[in-house]
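**Q** Here are the chains, one letter per residue:
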Amino acid sequence: MSALSEKVVGLSKPYFGPATEQFLARQCKSHLKIELNDLGPTHLKDLAKWVELGAGLIMDQAKGVELAKKIASI
Amino acid sequence: MKGTIRNKLIAGFSGVLVLMAAVAAIGGYAVFSLRSDANEATRVGARLNSLALEIQVHNLEAVRKVKNYLAQTGAAGSEKKRQMFLEEAKFEVNEIQSLAAKAVALATTAQSRAKFSKITESSKEFDQSLAKVVEANQTAPDSENAKSALSAYEDAAEDLHESAEDGEVIGHDASQKSLEAIDHTSSQSVSLVVGISILGLVLGFAVSYKLSRAILVPVDHLKEVAESVSLGNLDIAVRRYSEDEIGDLADSFSRMVTAVKFFRMEAELTQAEADASSKEK
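For the protein sequence lines, the chains are A and B, in the order given.
Residue numbers for the first sequence follow this note's numbering, beginning at 4 and rising by one.
Residue numbers for the second sequence follow this note's numbering, beginning at 6 and rising by one.
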């Protein structure tokens, strides 16, 4: 896993716990059409947007926004 | 310092202990202070009473000595005895003045000071009238002047007796008031101790209530969430009430619920994709 992917996983872990990698992989594959390992700095803005949307479905909206901001600011 | 449950409990119980110590200290000080006031009142009352009684005794002695002095008037060869009675009477009057001055210095009310000052004045008048009687007796014992001096002395003696009696009453009153002060202090002390104890109980109860709520409210919330999740309802918000161990537990629980929700959604999605794929085939 690339350093950037690991960083994103590390940031998301406190929010998604054991589902972190699977959640991020789903967002990358479905919306960005890439593997989680291939995540680059140019993908972060889009990933943050999809994380916000996806997280909003399964957790508190405010927490989703908080995580999206963290990812976007990497 | 982080607001952990341990720290909250330590702070809460320390607070209650400090509160109880403060309440005990205030109560103790108040009772000590009241007792000290009562003791002072008793000391003053008892001393005034004793001074008044001593004044009365010296007054009676003075009158008796003067009576003896007058009884010896005209008797042959009694000059030495008369002189002795006169000196003794003067000594008694001096004692009265000295005791009255002490009582004036000790008295705490204007009324009692005035009464004891009156004794001093009366004793001075008594002394002056006695000097006139002595002078008249030495010059012309049977003259009108001697009779007039004797009459003035009798008035002065009566006046001093009345003043001394007033002093005795004042001394008795002061003593009585000191007893009342002790009774008053006792009842005040009981009220104060009861009042302060109630205040301590109320404050202790308030601190305990606040402390128990700080722990129980988030625990109750987590219990409700756990029950809800165990019954299959994952659409429940897990709130973090406090920045302590229970707050950390709430975060862990929230993460777990989120993961379970995600896995369930993922499984449903995978199943839907599999169903769609099999239909296409």
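Simulated from the structure, these hints should not be mistaken for lab results.
Fair warning: there could be bad hints in the mix.
What the hints assert, rightly or not - Heads up, simulated DSS-like pairs for lysine-lysine below, C-alpha to C-alpha not over 30 Å straight-line:
hint, chain 1, residue 1, chain 2, residue 2
1, A, Lys36, B, Lys107
2, A, Lys73, B, Lys266
3, B, Lys95, B, Lys137
4, A, Lys66, B, Lys286
5, B, Lys266, A, Lys72
6, A, Lys32, A, Lys10
7, A, Lys66, A, Lys36
8, B, Lys107, B, Lys72
9, B, Lys107, B, Lys95
10, B, Lys215, B, Lys228
11, B, Lys228, A, Lys16
12, A, Lys16, A, Lys36
13, A, Lys36, B, Lys286
14, B, Lys107, B, Lys85
15, B, Lys129, B, Lys107
16, A, Lys73, A, Lys48
17, A, Lys73, A, Lys10
18, A, Lys66, A, Lys48
19, B, Lys129, B, Lys152
20, A, Lys16, A, Lys73
21, A, Lys16, B, Lys215
22, B, Lys129, B, Lys85
23, B, Lys123, B, Lys85
24, B, Lys284, A, Lys36
25, B, Lys129, B, Lys86
26, B, Lys182, B, Lys107
27, B, Lys286, A, Lys32
28, A, Lys10, B, Lys85
29, A, Lys36, A, Lys10
30, A, Lys66, A, Lys16
31, B, Lys85, A, Lys52
32, B, Lys284, A, Lys32
33, A, Lys48, B, Lys266
34, B, Lys137, A, Lys66
35, B, Lys266, A, Lys66
36, B, Lys123, A, Lys32
A quick note: this is a predicted structure, and the numbers were derived from the prediction, not measured.
**Q** So, for every hint listed, does it hold in this structure?
**A** Cross-check of the supplied hints:
{"no.": "1", "hint": "A:Lys36 x B:Lys107", "result": "violated (110 Å)"}
{"no.": "2", "hint": "A:Lys73 x B:Lys266", "result": "holds (22 Å)"}
{"no.": "3", "hint": "B:Lys95 x B:Lys137", "result": "holds (13 Å)"}
{"no.": "4", "hint": "A:Lys66 x B:Lys286", "result": "violated (41 Å)"}
{"no.": "5", "hint": "B:Lys266 x A:Lys72", "result": "holds (22 Å)"}
{"no.": "6", "hint": "A:Lys32 x A:Lys10", "result": "holds (18 Å)"}
{"no.": "7", "hint": "A:Lys66 x A:Lys36", "result": "holds (25 Å)"}
{"no.": "8", "hint": "B:Lys107 x B:Lys72", "result": "holds (28 Å)"}
{"no.": "9", "hint": "B:Lys107 x B:Lys95", "result": "holds (18 Å)"}
{"no.": "10", "hint": "B:Lys215 x B:Lys228", "result": "holds (20 Å)"}
{"no.": "11", "hint": "B:Lys228 x A:Lys16", "result": "holds (24 Å)"}
{"no.": "12", "hint": "A:Lys16 x A:Lys36", "result": "holds (22 Å)"}
{"no.": "13", "hint": "A:Lys36 x B:Lys286", "result": "holds (25 Å)"}
{"no.": "14", "hint": "B:Lys107 x B:Lys85", "result": "violated (33 Å)"}
{"no.": "15", "hint": "B:Lys129 x B:Lys107", "result": "holds (16 Å)"}
{"no.": "16", "hint": "A:Lys73 x A:Lys48", "result": "holds (10 Å)"}
{"no.": "17", "hint": "A:Lys73 x A:Lys10", "result": "holds (11 Å)"}
{"no.": "18", "hint": "A:Lys66 x A:Lys48", "result": "holds (17 Å)"}
{"no.": "19", "hint": "B:Lys129 x B:Lys152", "result": "holds (20 Å)"}
{"no.": "20", "hint": "A:Lys16 x A:Lys73", "result": "holds (12 Å)"}
{"no.": "21", "hint": "A:Lys16 x B:Lys215", "result": "violated (34 Å)"}
{"no.": "22", "hint": "B:Lys129 x B:Lys85", "result": "holds (25 Å)"}
{"no.": "23", "hint": "B:Lys123 x B:Lys85", "result": "violated (33 Å)"}
{"no.": "24", "hint": "B:Lys284 x A:Lys36", "result": "holds (25 Å)"}
{"no.": "25", "hint": "B:Lys129 x B:Lys86", "result": "holds (24 Å)"}
{"no.": "26", "hint": "B:Lys182 x B:Lys107", "result": "holds (20 Å)"}
{"no.": "27", "hint": "B:Lys286 x A:Lys32", "result": "holds (24 Å)"}
{"no.": "28", "hint": "A:Lys10 x B:Lys85", "result": "violated (126 Å)"}
{"no.": "29", "hint": "A:Lys36 x A:Lys10", "result": "holds (20 Å)"}
{"no.": "30", "hint": "A:Lys66 x A:Lys16", "result": "holds (13 Å)"}
{"no.": "31", "hint": "B:Lys85 x A:Lys52", "result": "violated (130 Å)"}
{"no.": "32", "hint": "B:Lys284 x A:Lys32", "result": "holds (23 Å)"}
{"no.": "33", "hint": "A:Lys48 x B:Lys266", "result": "holds (25 Å)"}
{"no.": "34", "hint": "B:Lys137 x A:Lys66", "result": "violated (112 Å)"}
{"no.": "35", "hint": "B:Lys266 x A:Lys66", "result": "holds (15 Å)"}
{"no.": "36", "hint": "B:Lys123 x A:Lys32", "result": "violated (114 Å)"}
Taken one by one, the earlier hints fail for this structure at numbers 1, 4, 14, 21, 23, 28, 31, 34, 36, listed in ascending order.
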